[in-house]
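Chemist: With my numbering applied, the sequence shown corresponds to residues 3 to 152, in that order.
It should be emphasised that the hints constitute simulated quantities derived from the structure, not laboratory data. Please note: incorrect hints may appear among the correct ones.
[What the hints assert, rightly or not] Below, simulated EDC-like cross-link-like pairs (lysine to aspartate or glutamate); rule was C-alpha separation at most 16 Å, straight line:
| id | residue 1 | residue 2 |
| --- | --- | --- |
| 1 | 76 | 33 |
| 2 | 57 | 72 |
| 3 | 76 | 133 |
| 4 | 76 | 91 |
All of these numbers come straight from a predicted model, not from anything done at the bench.
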Amino acid sequence: MKKKSDLTDALLEAHNFLRRYMTIWYGKNFDGLDPQQGQGLILSELRRGQIFSQKEIGLALDIRPQSLGELLQKLEANGYIQRYRSTTDKRALLVELTEKGENFQQQKPDYHELFIGLNAQEKKLLKTFLEKISAQLNELIERETDDEFF
(Lines of atoms letter the chains of each structure in order from A; the text may use other names.)
(Lines give C-alpha, C1' and ligand atoms only; values in the text may rest on other atoms or scores of the structure.)
Protein backbone atom coordinates (compact mmCIF):
# COMPACT_ATOMS: atom_id res chain seq x y z
CA MET A 3 0.00 0.00 0.00
CA LYS A 4 1.44 3.38 -0.96
CA LYS A 5 1.90 6.05 1.68
CA LYS A 6 -0.79 8.74 1.68
CA SER A 7 0.43 12.31 1.85
CA ASP A 8 -3.04 13.81 2.02
CA LEU A 9 -5.01 13.25 5.22
CA THR A 10 -8.33 13.26 3.37
CA ASP A 11 -7.14 10.52 1.01
CA ALA A 12 -5.98 8.41 3.96
CA LEU A 13 -9.32 8.83 5.74
CA LEU A 14 -11.31 8.02 2.59
CA GLU A 15 -9.17 4.96 1.93
CA ALA A 16 -9.77 3.70 5.49
CA HIS A 17 -13.51 4.32 5.01
CA ASN A 18 -13.51 2.37 1.73
CA PHE A 19 -11.70 -0.56 3.32
CA LEU A 20 -14.17 -0.55 6.22
CA ARG A 21 -17.17 -0.56 3.82
CA ARG A 22 -15.55 -3.36 1.82
CA TYR A 23 -14.96 -5.39 5.00
CA MET A 24 -18.57 -4.85 6.09
CA THR A 25 -19.88 -5.89 2.66
CA ILE A 26 -17.84 -9.10 2.76
CA TRP A 27 -18.78 -9.88 6.38
CA TYR A 28 -22.52 -9.26 5.90
CA GLY A 29 -22.34 -11.22 2.64
CA LYS A 30 -21.04 -14.27 4.48
CA ASN A 31 -23.32 -13.96 7.49
CA PHE A 32 -26.58 -12.40 6.26
CA ASP A 33 -27.07 -13.28 2.60
CA GLY A 34 -25.27 -10.09 1.54
CA LEU A 35 -27.79 -7.75 3.17
CA ASP A 36 -26.19 -4.38 3.87
CA PRO A 37 -27.74 -2.60 6.89
CA GLN A 38 -27.38 0.72 5.11
CA GLN A 39 -29.20 -0.02 1.86
CA GLY A 40 -32.01 -1.99 0.24
CA GLN A 41 -33.42 -4.96 2.14
CA GLY A 42 -30.90 -4.50 4.96
CA LEU A 43 -32.02 -0.91 5.48
CA ILE A 44 -35.63 -2.08 5.81
CA LEU A 45 -34.60 -4.66 8.42
CA SER A 46 -32.65 -1.98 10.30
CA GLU A 47 -35.71 0.28 10.30
CA LEU A 48 -37.97 -2.53 11.52
CA ARG A 49 -35.55 -3.31 14.35
CA ARG A 50 -36.02 0.25 15.65
CA GLY A 51 -39.70 -0.32 16.31
CA GLN A 52 -42.11 -3.17 16.65
CA ILE A 53 -44.60 -3.54 13.85
CA PHE A 54 -45.01 -1.09 10.98
CA SER A 55 -47.42 -0.84 8.13
CA GLN A 56 -45.97 -1.20 4.67
CA LYS A 57 -46.98 2.40 3.97
CA GLU A 58 -45.15 3.71 7.08
CA ILE A 59 -41.95 1.93 6.05
CA GLY A 60 -42.15 3.42 2.56
CA LEU A 61 -42.64 6.93 3.92
CA ALA A 62 -39.87 6.60 6.52
CA LEU A 63 -37.34 5.32 4.00
CA ASP A 64 -38.62 7.26 0.97
CA ILE A 65 -39.16 4.13 -1.11
CA ARG A 66 -41.83 3.94 -3.81
CA PRO A 67 -44.65 1.47 -2.98
CA GLN A 68 -43.86 -0.84 -5.91
CA SER A 69 -40.13 -0.98 -5.06
CA LEU A 70 -40.92 -1.50 -1.38
CA GLY A 71 -43.32 -4.32 -2.23
CA GLU A 72 -40.60 -6.11 -4.19
CA LEU A 73 -38.05 -5.69 -1.39
CA LEU A 74 -40.52 -6.92 1.23
CA GLN A 75 -41.45 -9.88 -0.95
CA LYS A 76 -37.78 -10.93 -1.07
CA LEU A 77 -37.37 -10.47 2.69
CA GLU A 78 -40.49 -12.55 3.31
CA ALA A 79 -39.34 -15.30 0.93
CA ASN A 80 -36.01 -15.47 2.77
CA GLY A 81 -37.70 -15.66 6.18
CA TYR A 82 -36.69 -12.26 7.57
CA ILE A 83 -40.21 -10.81 7.88
CA GLN A 84 -43.86 -11.78 7.83
CA ARG A 85 -46.70 -9.64 6.49
CA TYR A 86 -50.34 -9.78 7.42
CA ARG A 87 -53.48 -7.68 7.19
CA SER A 88 -54.33 -5.31 10.01
CA THR A 89 -57.33 -6.36 12.06
CA THR A 90 -58.45 -2.73 12.34
CA ASP A 91 -57.85 -1.66 8.73
CA LYS A 92 -58.12 -4.51 6.23
CA ARG A 93 -56.38 -2.39 3.56
CA ALA A 94 -53.20 -2.03 5.60
CA LEU A 95 -50.41 -4.60 5.41
CA LEU A 96 -48.41 -4.89 8.61
CA VAL A 97 -44.78 -6.01 8.56
CA GLU A 98 -43.16 -7.82 11.46
CA LEU A 99 -39.68 -9.24 11.92
CA THR A 100 -39.30 -12.98 12.28
CA GLU A 101 -36.68 -14.48 14.60
CA LYS A 102 -34.25 -14.53 11.66
CA GLY A 103 -34.99 -10.85 11.03
CA GLU A 104 -34.46 -10.02 14.71
CA ASN A 105 -31.03 -11.63 14.55
CA PHE A 106 -29.99 -9.34 11.72
CA GLN A 107 -27.50 -6.80 13.06
CA GLN A 108 -27.48 -8.30 16.55
CA GLN A 109 -24.43 -10.16 15.36
CA LYS A 110 -21.85 -7.72 14.02
CA PRO A 111 -18.31 -7.89 12.72
CA ASP A 112 -15.60 -7.91 15.39
CA TYR A 113 -14.37 -4.37 14.88
CA HIS A 114 -11.96 -4.71 17.83
CA GLU A 115 -9.63 -6.50 15.41
CA LEU A 116 -9.14 -3.19 13.62
CA PHE A 117 -7.28 -1.79 16.61
CA ILE A 118 -4.99 -4.72 17.49
CA GLY A 119 -1.95 -2.88 16.14
CA LEU A 120 -2.53 0.16 18.37
CA ASN A 121 -1.37 0.57 21.96
CA ALA A 122 -3.64 2.10 24.63
CA GLN A 123 -2.34 5.65 24.10
CA GLU A 124 -2.77 5.43 20.31
CA LYS A 125 -6.34 4.13 20.75
CA LYS A 126 -7.14 7.03 23.06
CA LEU A 127 -5.68 9.56 20.59
CA LEU A 128 -7.52 7.98 17.66
CA LYS A 129 -10.80 8.13 19.60
CA THR A 130 -10.22 11.80 20.38
CA PHE A 131 -9.40 12.59 16.74
CA LEU A 132 -12.41 10.67 15.41
CA GLU A 133 -14.72 12.46 17.86
CA LYS A 134 -13.38 15.82 16.65
CA ILE A 135 -13.79 14.81 13.00
CA SER A 136 -17.34 13.58 13.69
CA ALA A 137 -18.26 16.81 15.45
CA GLN A 138 -16.88 18.84 12.54
CA LEU A 139 -18.73 16.67 10.01
CA ASN A 140 -21.95 17.11 11.98
CA GLU A 141 -21.45 20.87 11.96
CA LEU A 142 -20.84 20.84 8.20
CA ILE A 143 -23.95 18.73 7.64
CA GLU A 144 -26.08 21.09 9.71
CA ARG A 145 -24.71 24.06 7.78
CA GLU A 146 -25.27 22.45 4.37
CA THR A 147 -28.66 20.85 4.86
CA ASP A 148 -32.02 22.41 4.61
CA ASP A 149 -34.65 21.21 7.12
CA GLU A 150 -37.09 21.02 4.24
CA PHE A 151 -35.23 17.98 2.87
CA PHE A 152 -34.10 16.23 6.09
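Chemist: Please go over all the hints and tell whether each is borne out by the structure.
Modeler: Status of each hint after checking the structure:
Of the supplied pair hints, the one linking residue 76 and residue 33 holds, its CA atoms being roughly 12 Å apart against a limit of 16 Å. Note on residue 57 and residue 72: the hinted pairing holds, with a Cα-Cα distance of about 13 Å set against a maximum of 16 Å. About 38 Å separates the Cα atoms of residue 76 and residue 133, which puts this hinted pair outside 16 Å; it is violated. For a cut-off of 16 Å, the pair hint linking residue 76 to residue 91 is broken: about 24 Å separates their Cα positions.
Hint check: violations occur at hints 3 and 4; the rest are consistent with the structure.
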